[in-house]
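Position chain X against the provided structure of chain Z, taking the given hints into account.
From first to last, the protein sequence lines are chains Z and X.
Quick note: the first sequence, position 99, residue 99 per the working numbering, numbers continuous.
Quick note: the second sequence, position 35, residue 1035 per the working numbering, numbers continuous.
It should be emphasised that the hints constitute simulated quantities derived from the structure, not laboratory data.
Where is the CB? At the ideal position from N, CA and C, for every residue including glycine.
Incorrect hints may have been included.
What the hints assert, rightly or not - In the BS3-like style, the derived pairs of lysine-lysine whose C-alpha atoms are separated by at most 30 Å in a straight line are: (1) X:Lys1052 / Z:Lys105; (2) Z:Lys197 / X:Lys1082; (3) Z:Lys107 / Z:Lys23; (4) Z:Lys91 / X:Lys1052; (5) Z:Lys23 / X:Lys1077; (6) Z:Lys99 / X:Lys1052; (7) X:Lys1077 / Z:Lys151; (8) X:Lys1052 / Z:Lys107; (9) X:Lys1077 / Z:Lys91; (10) Z:Lys99 / X:Lys1077; (11) X:Lys1082 / X:Lys1052; (12) Z:Lys46 / X:Lys1082; (13) Z:Lys99 / X:Lys1011; (14) X:Lys1052 / Z:Lys151; (15) Z:Lys65 / X:Lys1082; (16) Z:Lys92 / X:Lys1082; (17) Z:Lys197 / X:Lys1052; (18) Z:Lys65 / X:Lys1077; (19) X:Lys1082 / Z:Lys105; (20) X:Lys1011 / Z:Lys92; (21) X:Lys1077 / X:Lys1052; (22) Z:Lys197 / X:Lys1023; (23) Z:Lys107 / X:Lys1077; (24) Z:Lys91 / Z:Lys107; (25) Z:Lys23 / X:Lys1023; (26) X:Lys1023 / X:Lys1082; (27) X:Lys1077 / X:Lys1011; (28) Z:Lys105 / Z:Lys46; (29) X:Lys1011 / Z:Lys65; (30) X:Lys1011 / Z:Lys91; (31) Z:Lys151 / X:Lys1082; (32) Z:Lys91 / X:Lys1023.
Claimed, not checked - Label-pair restraints from in silico Cβ distances: (33) X:Tyr1086 / Z:Asp235: 12 to 22 Å; (34) X:Asn1021 / Z:Ile161: 28 to 38 Å; (35) Z:Gln239 / X:Phe1074: 19 to 29 Å.
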Amino acid sequence: MSGVRVPPPASSAASVAAVIHSKSEVDRAGRLYANQLRGSGQAHSKEELEAAVKVIEWWRHEHAKPLSRVASNLRHYAAAEGRPWVAQRLKKFPTIVDKLTREPKMKLSRMADVGGVRALLSDQDAAYRVASRLRRNWTIIRFRDYVAEPKADGYRALHLISRNRGRLIEIQLRTPLQDNWANMAEILSRLGAPDLKYGGGPAYLREYLHTSSEIQILEEQGLPIPPSLEERYGDLLRQADNFVDEASDEPR
Amino acid sequence: MKLPMSPDEIKHFLIAYDPRNGKTDVRSFDTDYEAAQAAYSEAEHENSPDSKLDIVLLSADSLETIEQTHSSYFSGKTVQLKELLYG
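Chain Z extracted, bound-state conformation (with noise of 0.2 Å):
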């Protein structure tokens, strides 16, 4: 994301990895370099600045095993639905401190995203079976039904966060149209509209959006689609080809 300098490194993950670090010292370095980049607080050194970056850095690092073991055992589950489309990412830093900037009461330790692992299923059915198996054998803290009650920008999957060898995993577990939905989302907001997530960006955008998402329910459940809401949408879907057209052609 725009807008965030990183310090230059002083290490690499690899060497960092030799350090240990209390939960509260993560949570005091993820702080301080959120309320930096908000310009909110007092002023740090580039030298306190770069400690910081280090142990957020050590942090993510920390993530990476019991990633790489949430998204095995992922795959084992999800080989029973079919060939299992399984990735993993670390989250970039970017997007750590955005988010820690953006929630001024978010503890970094706490942040349950930092390993993410998104597994695509064929279909709906598919997905509950896999999140059913996973809360019966896995230490799920937390599941969120994204189908059931989608979030107000239309977003739906299954998420559950995993804890394993004390660190939390996030897992998402999508449908093909959700994960069409999904990156389509991610690609407007890259295009120019970067608060499209958080209730931001051009309303027709968010309508758009909302909007493709409810006719894919329809969709989804064999169910006819009202005439006025076919009629709204196509309205819509002018307005955001004609965003992506200008957002494409300017230099950006």
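For chain X alone, coordinates are given in the frame of chain Z:
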């Protein structure tokens, strides 16, 4: 219980997506997670806020899987919203 793939067999790819031209640069680290993470941090440090490069470390059994699960990094410059939704 035999897992289809052990955690050590997962392959790591450092992705740099440039939204200005829609190009995706992929650096493969095979199964070396430590090297991949060191390169991830290094790339983040080197990336200036103005470059707008989107850098992320993704891992899976293959790059093909990542192209499926994280398709927004492989969408190219021009996108068709309808195609994104319905493939």
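Consistency of the hints with the structure:
Simply put, lysine 1052 of chain X and lysine 105 of chain Z have alpha-carbon atoms about 28 Å apart, close enough for the 30 Å limit, and the pair holds. Our distance criterion of 30 Å between C-alpha atoms is met by lysine 197 of chain Z and lysine 1082 of chain X, whose separation comes to about 20 Å. With a CA separation close to 9 Å, the supplied pair lysine 107 of chain Z and lysine 23 of chain Z stays within the 30 Å bound. Under the criterion of a C-alpha separation no larger than 30 Å, the hint pairing lysine 91 of chain Z with lysine 1052 of chain X is consistent with the structure, at around 17 Å.
Pair hint lysine 23 of chain Z plus lysine 1077 of chain X does not hold up; C-alpha atoms about 41 Å apart against a cutoff of 30 Å. For the hint pairing lysine 99 of chain Z with lysine 1052 of chain X, the CA-to-CA distance comes to about 18 Å; that is within 30 Å, so the pair holds. Between lysine 1077 of chain X and lysine 151 of chain Z the alpha-carbon distance is near 28 Å, which keeps this suggested pair within the 30 Å criterion. Annotation: proposed proximity of lysine 1052 of chain X to lysine 107 of chain Z holds, straight-line Cα distance about 27 Å (limit 30 Å).
A hinted pair counts as satisfied when its Cα atoms are at most 30 Å apart, and lysine 1077 of chain X with lysine 91 of chain Z qualifies at roughly 24 Å. At most 30 Å may separate the alpha-carbon atoms for a hinted pair to count; lysine 99 of chain Z and lysine 1077 of chain X meet this at roughly 27 Å. Taking the CA atoms of lysine 1082 of chain X and lysine 1052 of chain X, the gap is about 26 Å. The hint holds against a cut of 30 Å. With a C-alpha separation of about 47 Å, the suggested pairing of lysine 46 of chain Z with lysine 1082 of chain X is violated against the 30 Å cut-off.
Annotation: proposed proximity of lysine 99 of chain Z to lysine 1011 of chain X holds, straight-line Cα distance about 28 Å (limit 30 Å). Among the hinted pairs, lysine 1052 of chain X with lysine 151 of chain Z is consistent with the structure: their alpha-carbon atoms are about 27 Å apart, no more than 30 Å. Between lysine 65 of chain Z and lysine 1082 of chain X the alpha-carbon distance is near 38 Å, which puts this suggested pair outside the 30 Å criterion. Proposed proximity of lysine 92 of chain Z and lysine 1082 of chain X is supported: the alpha carbons are some 29 Å apart, at most 30 Å.
At most 30 Å may separate the alpha-carbon atoms for a hinted pair to count; lysine 197 of chain Z and lysine 1052 of chain X meet this at roughly 19 Å. This hinted pair does not check out: lysine 65 of chain Z and lysine 1077 of chain X have alpha carbons roughly 34 Å apart, beyond 30 Å. Between lysine 1082 of chain X and lysine 105 of chain Z, the direct Cα distance comes to roughly 39 Å. Violation of the 30 Å bound is thereby established for this hinted pair. Of the supplied pair hints, the one linking lysine 1011 of chain X and lysine 92 of chain Z holds, its CA atoms being roughly 18 Å apart against a limit of 30 Å.
At most 30 Å may separate the alpha-carbon atoms for a hinted pair to count; lysine 1077 of chain X and lysine 1052 of chain X meet this at roughly 14 Å. Straight-line distance between C-alpha atoms of lysine 197 of chain Z and lysine 1023 of chain X comes to about 24 Å, which keeps the hinted pair within the 30 Å bound. Of the pairs offered as hints, the one joining lysine 107 of chain Z and lysine 1077 of chain X is violated, with about 36 Å between alpha carbons and a cut-off of 30 Å exceeded. Restraint check for lysine 91 of chain Z and lysine 107 of chain Z: the C-alpha separation of about 15 Å stays at or below 30 Å, so the hint holds.
Taking the CA atoms of lysine 23 of chain Z and lysine 1023 of chain X, the gap is about 38 Å. The hint is violated against a cut of 30 Å. Distance hint between lysine 1023 of chain X and lysine 1082 of chain X is fulfilled; the C-alpha atoms sit about 21 Å from each other, no more than 30 Å. For a cut-off of 30 Å, the pair hint linking lysine 1077 of chain X to lysine 1011 of chain X stands: about 26 Å separates their Cα positions. Proposed proximity of lysine 105 of chain Z and lysine 46 of chain Z is supported: the alpha carbons are some 24 Å apart, at most 30 Å.
Taken as a hint, the lysine 1011 of chain X and lysine 65 of chain Z pair is honoured in the structure, with Cα atoms around 13 Å apart against an allowance of 30 Å. Taking the CA atoms of lysine 1011 of chain X and lysine 91 of chain Z, the gap is near 17 Å; set against the 30 Å cutoff, the hint holds. Restraint check for lysine 151 of chain Z and lysine 1082 of chain X: the C-alpha separation of about 21 Å stays at or below 30 Å, so the hint holds. For the proposed pair lysine 91 of chain Z and lysine 1023 of chain X, the alpha carbon gap of about 21 Å is at most 30 Å, so the pair holds.
With their beta carbons about 18 Å apart, tyrosine 1086 of chain X and aspartate 235 of chain Z fall inside the hinted range of 12 to 22 Å. In this structure the supplied range 28 to 38 Å holds for asparagine 1021 of chain X paired with isoleucine 161 of chain Z, their Cβ-Cβ distance being about 37 Å. Against the hinted window of 19 to 29 Å, the Cβ-Cβ separation of glutamine 239 of chain Z and phenylalanine 1074 of chain X comes to about 26 Å, which satisfies the hint.
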